[in-house]
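Heads up: the protein sequence lines correspond to chains A and B, in order.
Okay, so the first sequence: first residue is 1 according to the working numbering, each after it adds one.
Okay, so the second sequence: first residue is 1 according to the working numbering, each after it adds one.
It cannot be assumed that every hint is accurate.
[Stated by the list, open to error] Pairwise CB distance ranges, derived in the manner of DEER restraints:
id, chain 1, residue 1, chain 2, residue 2, range
1, A, Gly176, B, Val47, 16 to 22 Å
2, A, Gly163, B, Leu210, 45 to 51 Å
3, B, His77, A, Ile107, 42 to 48 Å
Hints in this document: simulated from the structure, not taken from any laboratory.
Every value quoted in this text rests on a predicted model; they were computed, and no experiment measured them.
Using N, Cα and C, we set each Cβ at its ideal position, and we do this for glycine too.
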Amino acid sequence: MSRLTSAPAAAGTAAAGATPSPGPAPRRPRLALPLRLSRKHAELTLLLAPAVALFVLFVLLPICIAAYYGLFNWSGYGPLSDFTGVHNYRLVLSDPVFRGSLLHNVIIAVLSLLVQLPISIALALLLNRPMRGGTFLRLAVFAPYVLSEATTAVLWLLILQPGGFVDQVMRAAGLGGLIHPWLADPSIVLYTLFAVVTWKYIGFGIILLLAGLQGIPAELREAAAIDGASAWQTTRRITLPLLGPTIRIWAFLSIIGSLQLFDIVWIMTIGGPANASSTMVTYMIQNGFRSLEFGYGSAVAVILFVVSFVFALLYQRFALRRDTAGALTGAVG
Amino acid sequence: MSAAPVTAGPGAAGPSVPARAVRPRRARAVVPLSYLAALAILAITLVPLLFIVIGGFRTTAQLNAAPAGLPHPWVLHNYQSILASATFWQNLANSAVIAAIATGLAVGLGAMAAFALARYSFRGREGWYTLFAIGLLFPANVASLPIYLLLKQAGMLDSLLGVALPEAAFALPFTIVILRPFMRAIPGELQDAAMVDGATRLRFFVRILLPLSRPALMTVSVLAFVTSWNAYLLPFLVFTSQSKFTLPLGVATFQSTYSQDTAAIFAFTALSMLPALGFFLLAQRRIVGGLSGLAGSIKG
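Given the sequences, and given the hints that come with them, work out the whole structure.
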């Protein structure tokens, strides 16, 4: 609630706060004023400077210098002498492997929306009704989310080993004919990885949607029920539309996550076999860090950054704008 | 819940009408169906975890012979040797130190900045806030290679601080975005009263505002800690000596180094899951609340 009112209030106080510098505010004691102003100035510096310094140094500066490094052919040692202009950038964008990686990121993002979202909504609706063991169920569903991606990757490597747990269970269930080399077959490796990503992140979507469901007044559903709406109609016409903002923010986080997918892929396949599961970040690490082509890697980083930043801004502008103004919608959109 | 009254009405009206008689049967079917779904969820999430934990009690020969079997006999050796090795504890300690530094810095500096942005009025305030908020759109993985190059130039490779500082910096945006509205919502009368009593603004911040902000501070601390604890890519780039490895890096390295000793990998992986799962059980309200709150503050 406070957030709703904060934006106009902020504008007001900011305008008011801007006045002291040209002319002294009449209500304050005249002698103390310069002292007070400089004191306020010192306090602000003390409070803000450390965070700003840390933020600028490690968040803003790296991407700026990467944009510069990207203009050079540079192995990371010695001076930047071999200036090649936008050559690296052009090379990255025309590399079929990079394009393939971008495509893989997009496939994962689209699959997340098509597969994870319906499952998350269904499970959130299920978990939202009171049932025995509901708390435990909620905990269990969320458990994979708190594991690190690295641990998740090793866990699934062990489970998916050829002739391993999954294969044995499938054989026992009479599905032996469907067994594949899950991580070695180029035509299915991406989908295997998507399944692992889904296992890990589905709990996050469910928790988010549950929080959203809790924000929908029960009276609305009850009123619809009294008017004779079926459970399905109530869900379809009342619950889902009211979940809209939550779904949109989930989609945003999910897509941003898909675009920077790395840990699980790197540990399970290193982007292979034959780049069949490479993502943009594995491409960056493989072709920039591993092969000591830091100029090239920097160019990849900058392109990646632009891709995700432009997506984020467009999404804020067009998808989130209709929701109430928040930190980003208020500031950026 | 709401399904029951809706379907019970027409059902009671006339079981003789076939079209209506279908409904109560479906209503009754919903409950077992939801338990069936619940059971499936439990199986899908928990069986992989249990498989790893139980697998750690088997020998590599047992695991190879029947991957999905139960231990026969139960072997403690894998867990014992991991717990007796320095590697696991070293990784754990490194993760803890880095996460503690990153969390302390992010929450400490973030709270100071949030205070300035919440309760001072000055020119450019919203601009500074926007700058931090835009940081939410910077994916940390994408920035990892540039950060690595920066650390390389600064001679900070292979140091715990080299990982902790960037992680703290990347935690600042959500810290400030969560803390500022919280601090702003604390009534101004409290500040006026404190200042009438002769307290300075900074004193008000330390003595009154920070203690009152404890719930929000806990939330951002947990988020920052978990994010750092689970990070893989930056440590992977920055650390070259094994003695600096964090737990995620250690797990992945252990898996690729001892690929012959499958049972040991099971045990190491199982042990590496425990701190995260234990922490989650202790702090689940904060984690869940924090994530929902963060999503809420992005959207509004």
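Ascending list of hint numbers which this structure does not respect: 2
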